[in-house]
Each structure stands twice: as structure tokens, then as C-alpha cells.
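Input sequences plus hints: build the corresponding full structure.
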Amino acid sequence: MKTRRKWRHHLLLGCILLLATVCVGQAASYDYPITDPIEATILSTPKAAQADLPEKIRVKKYETITIFPERQVPDIFWYNQKLRYSIAYHKEKAPLMVLIAGTGAGYDSAKMKMMQKAFFQAGFHVLALSSPTHPNFIVAASSTGMPGDIRSDAGDIYHVLEKLWQQSSKKELVSAFYLVGYSLGGSQAAFVAKLDEERKVFNFKKVLMINPALNIYDSAVKLDKMLVDNIPGGIDHFDDFYNKLIHNITKSYVQGDFVDLAGNFFYQAYSNIIPSPQEGRAVIGFSFRISLANMLFTADVMTNSGYLVPKNLKLSRTASLTDYCKVASRGNGFLEYAENLFYPYFKRREPNLSFQALIARSSLRSIESYLRNNEKIGLVTNVDDIILADGDIDYFKQVFGSRAKIYPRGGHCGNMAYKDNVHYMVNFFKSN
Amino acid sequence: MKREKIRSTKSILLFALLIFIMLSTGCATNQSARKNGAAIIPATKPVAEYVRSDVDYPIDAYDPWEGFNRHMYIFNYYFDKYLFLPVVGAYEWIMPDYLEDRISGIFKNFSELRNFTNNLLQLKGKGTIITTGRVLVNSTIGLAGMYDPASKWGMPVQKEDFGQTLGHYGVGAGPFLVLPVFGPSTLRDTTGLVFDTAVHAAVMNWALDDVNNKTEIKLGINLLGAIDERHRMPFRYYQSGSPFEYDYIRKFYLEKRLMDIAK
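Heads up: the sequence lines are chains A and B, in that order.
The first sequence lines up with residues 795 to 1226 when you count with our numbering.
The second sequence lines up with residues -7 to 255 when you count with our numbering.
Non-contacting residues of chain A with respect to chain B, defined by C-beta distances greater than 10 Å in every case (computed):
hint	residue
1	PHE862
2	TYR952
3	SER962
4	ASN1066
5	PRO1069
6	LEU1165
No more than 27 Å apart at the CA atoms, straight line, and that leaves these computed lysine-lysine pairs for DSSO-like:
hint	chain 1	residue 1	chain 2	residue 2
7	B	LYS255	B	LYS144
8	A	LYS850	B	LYS100
9	A	LYS1045	B	LYS151
10	B	LYS116	B	LYS144
11	B	LYS248	A	LYS907
12	A	LYS1038	A	LYS1019
13	A	LYS1108	B	LYS73
14	A	LYS905	B	LYS243
15	A	LYS1045	B	LYS255
16	A	LYS905	A	LYS885
17	A	LYS1038	B	LYS151
18	A	LYS855	A	LYS905
19	A	LYS957	A	LYS905
20	B	LYS73	A	LYS907
21	B	LYS248	A	LYS841
22	A	LYS1045	B	LYS116
23	B	LYS73	A	LYS957
24	A	LYS905	B	LYS248
25	A	LYS1038	B	LYS243
26	A	LYS854	B	LYS73
27	A	LYS964	A	LYS994
28	A	LYS841	B	LYS144
29	A	LYS1045	B	LYS144
30	A	LYS1038	B	LYS255
31	A	LYS1019	B	LYS243
32	B	LYS243	A	LYS1108
33	B	LYS73	A	LYS876
34	B	LYS73	A	LYS850
35	B	LYS248	A	LYS1038
36	B	LYS144	A	LYS850
Here are the in silico distance ranges between beta carbons for each label pair:
hint	chain 1	residue 1	chain 2	residue 2	range
37	B	LEU171	A	ASN1058	28 to 34 Å
38	B	LYS210	A	PRO1026	53 to 59 Å
39	B	PRO88	A	LEU1147	57 to 63 Å
It is worth saying that the hints were derived from the structure and are not from the lab.
From the three backbone atoms N, C-alpha and C, an ideal C-beta is built for every residue, glycine too.
Structure follows, in C-alpha cells:
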């Protein structure tokens, strides 16, 4: 009797322990080191926690292609005439991975280089493309010159891929096509995949969206507001905020034992440079605003919309753009872009288009049934991704089911280079 | 006789350089004068109204020679594209990465001379001592600078140049200046560059005193030094694609120099 009770005791204890280890084990199994989503978004992954990737791979950088041979590129954008990209080829036959960069980012951004190494190491050829919101892409490869309508942007990406494929001399080395994008590039990847179902040029075998925006308009508003809402006194006091930031960087740099503003500097000095979460949000908003100003000015000139630059004015190669930079980066930022430049442009082409309809068609919700029923599309995101709204995560879970990998932290793309994430990303494509 | 020959070669080179500048930038000015006929309509958000005089803009900088600078910025792109980067590319193609790093080390060890003089001129005791230690360790155990054991032994590089020295003693940056080949600078930092280069040349001249073919050797060393320096610098003109790259680079340069002077 006694032993029996003792047995039961042991069993119970064992069960509790087992349960506890399962729970704790699950929580502890993800060790991405930064808990704050703002900090994660700004700092990404510290070197020690990153996946093991080769220092250098054999990659052709600074490759260029002419997308629209007939296009008269304005003088002021003479350097953006051709689209820049990079490609890494293996010498033997292998599948080709296409990478799409996030908002405002180039083909050679840090995240793109990381992904390029990871996939190349895993045996893929890797093609890296700039975001359709990057000035070089807008000038050289955007059919409209006005980025932001995800369907039209996805069409432009597809067009670029077709052109590259037509001109490729390595066709026999490519066994299949795969597609991956992060942030805005993640959302675009879904639309590119859907377009491919109709056009069938590449027949992408698998597609992965990393930290995509559910609705790119809502995410952009959210990011942009981070600047305006977190500068004490409003955007016209940006100078004070900026000076404080520079002051903090200088102080850490002068006092610390740092040789340069690189490597570990920002990671170690973070809490001195950005002492409060409010300032962190402003920094993220600031970085988004820089991309936005680039995009706004470029789109304005390319479409001759006369928003910042007088209509029909031809700027020379050496014209001073400092004042335009000031106007482009102040004011209401993204909302202004959407209402005064972006929407009117599409309204001119499609007179019956309402603002709401234009925004709605750039949401992943507009292709929900495609995403829900398509086994080849996967999604990776974080519970605390700052570009998502309440309920977005549940929506992803519900639509993607087991194809959604949702990490407990990492902010917006902060954990992309973390070893577990890289492992999952590569494995998603390796498994069938 | 020989000196005269060098002088004339130099002036030919300089002349060719000027022609190149005029060619590469002159056609741009012509293009800008071209009108397409359509009337110019004021912008929705005109600069005159939206750039406010009561607001400070961090992107502003003292740049009275902006026209010249923007031309020079374009010139540097072409210089890179048609001369400098192909040469650097050939160098990188020939050299194994390992050797490239050793050569970089040797040139970095040379530049300790600049760090030493300027730490000394700023009366930075610790910096001067560390730099001396670095030279002693890296020149011997580090095999003429090919390796950098000093950094691992708690003697990190103490970068100082004469521009920083001038700044340390309160000399302002002066106008922003984009130098041919060298890139972003200021009037103060250009003065510094001239001084540091002169000291470097004088010491090299003295060190190579009894060597035959001194001119050729010096030229060779300087050329390799220039290639090595460009090889180490990942920056490429216009790669960011941003229409405001010039403005951002200008700001970044000026801000970084202030930090270096404060350090």
C-alpha cells in the first residue's frame, strides 16, 4: 500500500517534472538574446549568436542590366540608368534562389548579404535584387516610376527576372527556382509567386516570406509615425533629437576603447546612445523616413508629378538637392506621400479607383485564398514584430497553419541572422 | 635634368586630369541647359515655402564650394570606374587574400608615423606611448607590420592625423571640399593631409637615402600604398542609389571628423 502510494508520488512528480521541462524547454529552446523588440530591430543579431556563415563567397557584385532600353533617364539620375544586382553561381547544376530586399534596401544590404551566404553555403545559386522601393530600382526597372502598389511592383520584379533569365548564359546550370523576401520584400514575394502561377516562367517550387507586412500601407504608417510621435515637440524639433543622438554617440566613442564606429560599437554602447525606448522608436522612424525621402523624391522626378520638384524642370547632374532633401524628409511623411503623390498617380490611370481600394489591394488579405491553399508558401515572423497590428499574428496562424513559423521575439527582422532562424530558413527550402 | 623630366611628366598628368574633369562634367552642364519646351510649373510643395528659416536642418553644412564639389564627386566616380577600381580589381585578382592582408598590415604600420607625430603634437601621452609600443611590437614580432599582435596585447591603434591636430587646437573645419581621388575632406583636413604627406615623404626620403633607383622605388611604394588603401575601402560612389547620397556623405564625413577630434 505504502509503496504504491510512493509509486504514485513518484509518477506524479515525474509527470510534473516532465511537464515542466517541456514547458521550460520550449521557452528556453529559443535563445535569441535581445528581448526588447525595438532594440532587436535596431541591433539585429550580435555576432556571437549569428549563424556560422562563410566570411566570403564567390559572388559577382555590381552586376548591371538595362531593363527599359528606350527609357530616357533624367540627368539627375544618370547613375541609376541600369539596374544593379548581384549573383553567386556554383560551378555545377543547382537550384536558384531569388532574394527580394526590404523597404528601401539595396541588393547588397547587410541582411541580403547574410541570406546570400546562407543559401550559397546550402548549395543554391543566389540572385539578390534590390527592393522596388530602392531608388535604383525605381529609376531603372519600375514600369510606373511610382512604387507602392504591390501588384505593379511584383509585376516589375517578375519582368526583371524574365529579362535576367533571357540574357542568362548559365541556364543549363539552374535546376529549379525558389523565392524568398524579407519585410516588404516578403509581402511582395507572395504576389510574385501568385503572378508566376499565371505566367509560369519560373514555377517557383517554394516561397518564403520573412517578417512580411500584412498590409503594407498600415505597416508604413506605423513605422512613419514612430518618428513623428517620439520626437519631443514634434518633427520641427528633429534637430534637437538628432544633436542629442550625435552627442551620445560621440560620448560613447570618446570614452570607450573603440577604434572605430564599427563592429561591436553600437551593440556595446546601445544603452548610452539610445537610453529610452521612445528614442529607439524615433531612430527606427528616422531610418524609415530616410528611405521614404529617397523614394518620394525619385518617384516625383520619374513621374514628373511636380510635387517637390517643379513640373517639367530638368535638374542637371550637379544640381544641389539639399533643399529637396529637407522638404522630402519633413512634414507628414508617408501619409503625405500616399495621399498627394501615390494615390493621385494611380487615380489618373484608373479614374474609378478609391483610396481604400488601392490600399486594400496591397494587403495580403486580398490573396488570402491563394495563401491558404498553397502548400509551397511559408511564413516566418515574430510575435513582437513592430510592423504588425493586434490580431495580425492570429490571422497568419489561421491562414498558414503549420506553414507559419512564429518566434517569441526578434522585433522586425532583428533575429534573421540568428542561428536558429537561418537554420529554419534554409531547411524550409531543403525539405520537400 | 632628371628632376625637370619628372616635373614635366607631372604637369602633363595634371593637364590630362583637368581635361578629364572638364570632359566628364562639362557635358553634364550642357545637358542641364537643354530645355524640353514644356513650361515649368511650380511644385505643390515648393522649396521656397517649405524650407523654413526658423528651423535647423541637420543636413545643412558649410559648403560654399558645392558646385565644384558636386563636379568633383562625379569625377571621382569616373576615376574609380575607369582607372582606380580596375587596377584594384586586378590587384585583388592576382593576390591571394592572405597576402593582401599582410600588405595592408605593412602600410598600416607605415601610417603609425602619422599617428605618432600627431599624438605627440596634441601632447597625448598615452596615445604617443601606445603608438610607440605598437611600432616596436608590430615591426619586430609582427614582422614589419604584417601581423598586428599589439592590438591583441591591449595596444589598439591610436589614429590621429594633422587635420585632427589642427581641430584639437581649435581650428574650424572650414568649407567642405571634395578632393580628386581622395574624396570628401575640408579645407582644414586637406591642409592636414598635405602636412602628413610631407612628413611621410621626408621620412621615406631619409630612409631610402643610400638606395639606388630611389625615385622608382618611392613611386612603386606610393602606388602600392594607394591601391592598398582603395582595396581596404568598401565605399563605391553612387552605389547607395540615393538621390541625396552627396548630402548624406557630406554630413557623415563632417560628423565623424568631429567625433575623431573629440576623441
